[in-house]
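Number of protein chains: 4
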Amino acid sequence: MKGFLSDNSSSVHEKVLQALIDANDGHSYPYGDDKYTKELKELMKTILGPTALTTVMFNGTGANVIGLSGILNGYECVLTVDSAHINVDECGAFERFTGAKIICVPHVNGKIDVGLLEEHLSVIGNVHHNQPKAISISQATEFGSVYTIEELKTITSFAHKKGLIVHMDGARIANACVSLGVSFKEMITDTDIDIVSFGGTKNGLMYGELLVTFDEKIHEKLGYLRKQGMQLASKMRYVSVQFLAYFKDSMWLSNATNANKMCQRLFSELSSIEEVKFLSSVDANIIYAQFPPEWIEGIREKQHFYIMDETKGIIRLVTSFDTTKKEVERFIHDVKVVHAQHETLMD
Amino acid sequence: MKGFLSDNSSSVHEKVLQALIDANDGHSYPYGDDKYTKELKELMKTILGPTALTTVMFNGTGANVIGLSGILNGYECVLTVDSAHINVDECGAFERFTGAKIICVPHVNGKIDVGLLEEHLSVIGNVHHNQPKAISISQATEFGSVYTIEELKTITSFAHKKGLIVHMDGARIANACVSLGVSFKEMITDTDIDIVSFGGTKNGLMYGELLVTFDEKIHEKLGYLRKQGMQLASKMRYVSVQFLAYFKDSMWLSNATNANKMCQRLFSELSSIEEVKFLSSVDANIIYAQFPPEWIEGIREKQHFYIMDETKGIIRLVTSFDTTKKEVERFIHDVKVVHAQHETLMD
Amino acid sequence: MKGFLSDNSSSVHEKVLQALIDANDGHSYPYGDDKYTKELKELMKTILGPTALTTVMFNGTGANVIGLSGILNGYECVLTVDSAHINVDECGAFERFTGAKIICVPHVNGKIDVGLLEEHLSVIGNVHHNQPKAISISQATEFGSVYTIEELKTITSFAHKKGLIVHMDGARIANACVSLGVSFKEMITDTDIDIVSFGGTKNGLMYGELLVTFDEKIHEKLGYLRKQGMQLASKMRYVSVQFLAYFKDSMWLSNATNANKMCQRLFSELSSIEEVKFLSSVDANIIYAQFPPEWIEGIREKQHFYIMDETKGIIRLVTSFDTTKKEVERFIHDVKVVHAQHETLMD
Amino acid sequence: MKGFLSDNSSSVHEKVLQALIDANDGHSYPYGDDKYTKELKELMKTILGPTALTTVMFNGTGANVIGLSGILNGYECVLTVDSAHINVDECGAFERFTGAKIICVPHVNGKIDVGLLEEHLSVIGNVHHNQPKAISISQATEFGSVYTIEELKTITSFAHKKGLIVHMDGARIANACVSLGVSFKEMITDTDIDIVSFGGTKNGLMYGELLVTFDEKIHEKLGYLRKQGMQLASKMRYVSVQFLAYFKDSMWLSNATNANKMCQRLFSELSSIEEVKFLSSVDANIIYAQFPPEWIEGIREKQHFYIMDETKGIIRLVTSFDTTKKEVERFIHDVKVVHAQHETLMD
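For the record, the sequence lines run as chains A, B, C and D. Residues 1 to 347 (our numbering) make up the first sequence, in order. Residues 1 to 347 (our numbering) make up the second sequence, in order. Residues 1 to 347 (our numbering) make up the third sequence, in order. Residues 1 to 347 (our numbering) make up the fourth sequence, in order.
A couple of the hints might just be wrong.
Copies of one chain are not kept apart here, so a pair can be met inside one copy or by any two copies together.
Simulated crosslink set (SDA-like; lysine to any residue; CA at most 20 angstroms straight-line) [said to hold, decoys possible]:
#: 1; residue 1: Lys38; residue 2: Asn8
#: 2; residue 1: Lys38; residue 2: Met1
#: 3; residue 1: Lys153; residue 2: Ser268
#: 4; residue 1: Lys217; residue 2: Ser254
#: 5; residue 1: Lys277; residue 2: Met44
#: 6; residue 1: Lys133; residue 2: Glu216
#: 7; residue 1: Lys15; residue 2: Asp25
#: 8; residue 1: Lys326; residue 2: Asp25
#: 9; residue 1: Lys133; residue 2: Glu220
#: 10; residue 1: Lys133; residue 2: Lys217
#: 11; residue 1: Lys35; residue 2: Met1
#: 12; residue 1: Lys133; residue 2: Ile218
#: 13; residue 1: Lys261; residue 2: Leu116
#: 14; residue 1: Lys153; residue 2: Leu117
#: 15; residue 1: Lys15; residue 2: Gln303
#: 16; residue 1: Lys2; residue 2: Leu345
#: 17; residue 1: Lys326; residue 2: Glu301
#: 18; residue 1: Lys185; residue 2: Thr154
#: 19; residue 1: Lys302; residue 2: Gly26
#: 20; residue 1: Lys312; residue 2: Leu116
#: 21; residue 1: Lys325; residue 2: Leu345
#: 22; residue 1: Lys326; residue 2: Arg300
#: 23; residue 1: Lys217; residue 2: Gly163
#: 24; residue 1: Lys133; residue 2: His219
#: 25; residue 1: Lys133; residue 2: His160
#: 26; residue 1: Lys45; residue 2: Asp190
#: 27; residue 1: Lys326; residue 2: Gly3
The hints are simulated quantities; they were obtained by calculation from the structure and are not laboratory data.
For reference, chain A alone in the conformation it holds in the complex (with noise of 0.2 angstroms):
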């Protein structure tokens, strides 16, 4: 069933496979004690600096979550856009597990714009309102669009400047590093970022997300708030070897490069069809189309893909690290098809 419906429904990368043969050596310290988790908190170091202070959990969701719960108290908000997986595809766990409450701003192509933050923060002091302490953004974001090392320190420095924490929802940071081209650190940490929630699964892992801050009160928080959030792995190592393969010889930088040029090159196709309209930029991995309506169930026939909206023939396509050239042509060429059916018909 290899095609287009997300980045989770790829397989393992076999350096990731390999990767956790080989830590299947004997006994380790359970819970994160063990070397591989060490040797990882360590290179997290060197990847985003010496600050950086590294928690690892079992999936995204998990990381988004008992990271804002780290920083926010029951009676606080968090600011982020209407379509952040936080707020839509979660199933209520922000809300569920720290009590307090996503403020939500239109998204601009998924993602926020500061301008309209301001008017959420005129409640700081009412007592009637949840209070602002964080805003959360995602990079890349839902929508496959990527914020620019600009529109990022924008942000910080905004939420700093109001005495906000800014969370990244990392679940595909790989592609938004590879889609601008820069470093982890120039990303995350030389951005000011405080705290990210960084992925791997979507790109060649088998399980497990990195909850990363640089704040070392929070931190020690994490350590507690990841066993009250049923995300502590017991056998620990098997997550950690993963990251460890992900970042030796840039593993994930392959990968997401692969990704993202599948996509490209199936954007770059795409375009040429005149029907087809694009609702988000598309700087990573995940292209967001609009196709006449009546083409969709043609291509569905033989193709995978998350259909949006079908009465407006909104698709969501995503590309993987596995994805193949032959792949997007034949989606092309299946395409295609359809469209000179239609064409035919109407004639």
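Chains B, C and D: place on chain A using the hints.
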């Protein structure tokens, strides 16, 4: 560092790794819509009976808490023993996620005595008290004892008469089955357990836990609660195939049989040393023993294990699917050397 | 400081005080087992029909949140408008206590448009999203508009067809009734509202709110949830007698009638001033008006009211059971003086 | 039904009612911005010292839970005795609102023994366990005993050395003060209590409780937590004036003095009856006594009181600010009649 620290310290059975490799065959639907998860759900019906409904989770704490959250309202409570994992080892995950309360009675050899529960049912109908809704037991218990079939039936019969639901924390469920010499169905379904956290990680898996209930209404809730509880694995096939491998050729059985056998061997050898006392019956793969406190340091220098109370010399020894006779002999040898040293000292 | 700031600023009706004095007759059973509370529960059956089940609460936020907590599981959500009190004025009490989510649609004149809800029902069955379980409406709305009987029936009919429960936030329920010229039964029971926060504090009481449902199962839960939600008054008789006085000789009716009349008088007078715009229909005892921003300061010097947006000159005026004609005339006079001053300035 | 059921059964002191009438003077700012609340806050500084910061709540459960929520993170815990009101009488309000855990030690005469707390501090730094953050004590205790100044200092000294905060549940704080013959300042401020739920409802008020802390950071949080915890009274002046009346002319003192005196009289009379045993020291206005079980029915026919354990004949007697000598004598008389009947029967 192989030793007797914890079955969480053990590695992953090689057949599990092979299953992960085999499942790494291209794309699949995420979040449990893959063929492996479907196969696993069917398999669990074969194992536990046709009404068994399975939800795949990340870990044991997740299974315990999410499972209980599918049963309890926030104003209700679960009755269990003071030594229960949900009470003392999960950093309050239960309270935070469910908002409900744990009411404890003192354990007897790690087990619950239903006679002690009666007084806690006197609050039924009193709005000042959390209302009893469930009993939670661990099988095997945290102390290594195992409820007999008769004891389980006494608990479920008592519970159901009182309108309570019975949850079984099965972190070491295979070890319990082996100890009793019965099938999973005989121990769970036929004793009328309502919901079980079905573990495997302590018996050769890498990660993952099953939550099995026989009630469709509870099962339906669990789907949402799992996501809200941050326990939904995106690439779920990699959990499911582990369990498929676990049940294939009864790998669970041979794994747990080895662990229990090694534990009995350890127990038997230690029993011959007069100074060693046992704090619980040794039914599964755990030994709670009391050594002369002055022996501890010497043994610790050569062996890994948990020291529960250094002053009193209380330690916990856990065997695993990969524990070898040689390791047991080595431990006994090390103990005897320390024993001899101290005898000499006393002469 | 009498003025138009809020009906929460108003005093307590003298008959309520007299009722408190009368009830101060020795000892009584605490926590609602007193004769006054029993009498009140019976009275509510007379008022709303024999199936009405009443729970006495401390305040409106408590009634809203505890009421909804009796309906929703944590993984579910309530649908309401962005301007709803539970969404913007209760500091996240709903999220913290229920763990669930509020899904908002834009209000239309303070009201909910069921047409806008349809799209939020598309997530039913999708584990990534909180599941819709209830619709919450405010009657009268926070903007001072009042749903017609027809509109209420449209909402409950839509809701019940979709399996949703309808909650009514009745902080100003008496004002709504007076506005529609119907009985409480016609507005609540006969329109099939499922649960209502029945307020009185804004209409002459000192404190207390009733939570009325017609469903025995929900009602039973509310007893425990009220205690867990810190809303159980120990000396409950002093809440109940207020409501008994409230219904006696239709005090609620004359109080709300005065508030609404004074509001209409204010509205009528303001309508004659060309520069004043109205942002919502004026059905109850609230006016949302837009004044020329430069007038605000002058009026504020002499009058009390909320300024919603100073830059835009948006203010809220609330009349109360004790608002007098003279106070209304004084307000209009003060506005006209400021008006005249500005006309002179512009000449 | 006047009797010894509970001080919650008692009425409201007439001066409190007069204060409510006096405060009913037109409009005032809601939510605590009124002059009475401001005056009360100042008064509390006079009573407890200039650093005392007061938050006005609806009731005792609210004050306890909101107060502790201002101190604890969800992964932390409060240490208290098994008999604590927050543990057994608040339907899990603490767990639901804070997400944290209550760790209990067995009470000794209703009091906490710091010696028993030590072992619960051994989990500090262990992520599997809720982290101790506070100690909560009740003064007077639920059993009617009262901590001496020395005992209080021992607790706060122990707590502060360990980095713990001390919360005092002062539902019967006036009775405790009277019992010790000290001022509120001597009992609270000078013993280094960090936060106190300062009750009055059981001693002549209608409703309302104060939450007093000496820490500005905690106090600031409480403003938001009170609203989120549904404890913010809109017409707050009617709570504040009760406390103003309570402190005026030391009404609290004469009320509690009467209650305690009547309790001592009751205790003294009962002590003379050989068959009556006492289960706790009688320091305030509560008696826990054990009667011959066969007496209970006869006494109950004529008197109101709580039967804690009918089989064992354990009952609770509570005196109140309005308990009269005659009522005490009547109770003793009724007991003696029953006593005599049973003696006759046994002859």
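Hint-by-hint comparison with the structure:
1. Lys38 / Asn8: Only across copies: Lys38 and Asn8 sit 17 angstroms apart there, 27 angstroms inside one copy, limit 20 angstroms.
2. Lys38 / Met1: between (38 angstroms within a copy, 16 angstroms between copies)
3. Lys153 / Ser268: neither (30 angstroms within a copy, 52 angstroms between copies)
4. Lys217 / Ser254: neither (35 angstroms within a copy, 46 angstroms between copies)
5. Lys277 / Met44: Neither: 40 angstroms inside a chain and 46 angstroms across chains, both beyond 20 angstroms.
6. Lys133 / Glu216: Both: 18 angstroms inside a chain and 19 angstroms across chains, each within 20 angstroms.
7. Lys15 / Asp25: both (17 angstroms within a copy, 14 angstroms between copies)
8. Lys326 / Asp25: between (39 angstroms within a copy, 17 angstroms between copies)
9. Lys133 / Glu220: This pair counts as both: shortest intra-copy Cα distance 19 angstroms, inter-copy 15 angstroms.
10. Lys133 / Lys217: Answer is both; intra-copy 16 angstroms and inter-copy 16 angstroms each pass.
11. Lys35 / Met1: between (38 angstroms within a copy, 11 angstroms between copies)
12. Lys133 / Ile218: both (14 angstroms within a copy, 17 angstroms between copies)
13. Lys261 / Leu116: Neither way: Lys261 and Leu116 sit 33 angstroms apart in one copy and 39 angstroms across, limit 20 angstroms.
14. Lys153 / Leu117: within (16 angstroms within a copy, 37 angstroms between copies)
15. Lys15 / Gln303: neither (28 angstroms within a copy, 34 angstroms between copies)
16. Lys2 / Leu345: Neither: 30 angstroms inside a chain and 71 angstroms across chains, both beyond 20 angstroms.
17. Lys326 / Glu301: Result: close within a single copy only, 18 angstroms intra versus 59 angstroms inter.
18. Lys185 / Thr154: Within one copy, since 17 angstroms is at most 20 angstroms while 51 angstroms is not.
19. Lys302 / Gly26: between (46 angstroms within a copy, 17 angstroms between copies)
20. Lys312 / Leu116: between (28 angstroms within a copy, 17 angstroms between copies)
21. Lys325 / Leu345: neither (30 angstroms within a copy, 74 angstroms between copies)
22. Lys326 / Arg300: within (18 angstroms within a copy, 59 angstroms between copies)
23. Lys217 / Gly163: both (16 angstroms within a copy, 16 angstroms between copies)
24. Lys133 / His219: both (17 angstroms within a copy, 18 angstroms between copies)
25. Lys133 / His160: within (10 angstroms within a copy, 29 angstroms between copies)
26. Lys45 / Asp190: Within one copy only: 13 angstroms inside a chain, 48 angstroms across chains, cut-off 20 angstroms.
27. Lys326 / Gly3: For Lys326 and Gly3, the Cα distance is within 20 angstroms only inside one copy (11 angstroms; across copies 51 angstroms).
Of the hints listed earlier, those the structure fails to meet are numbers 3, 4, 5, 13, 15, 16, 21, in rising order.
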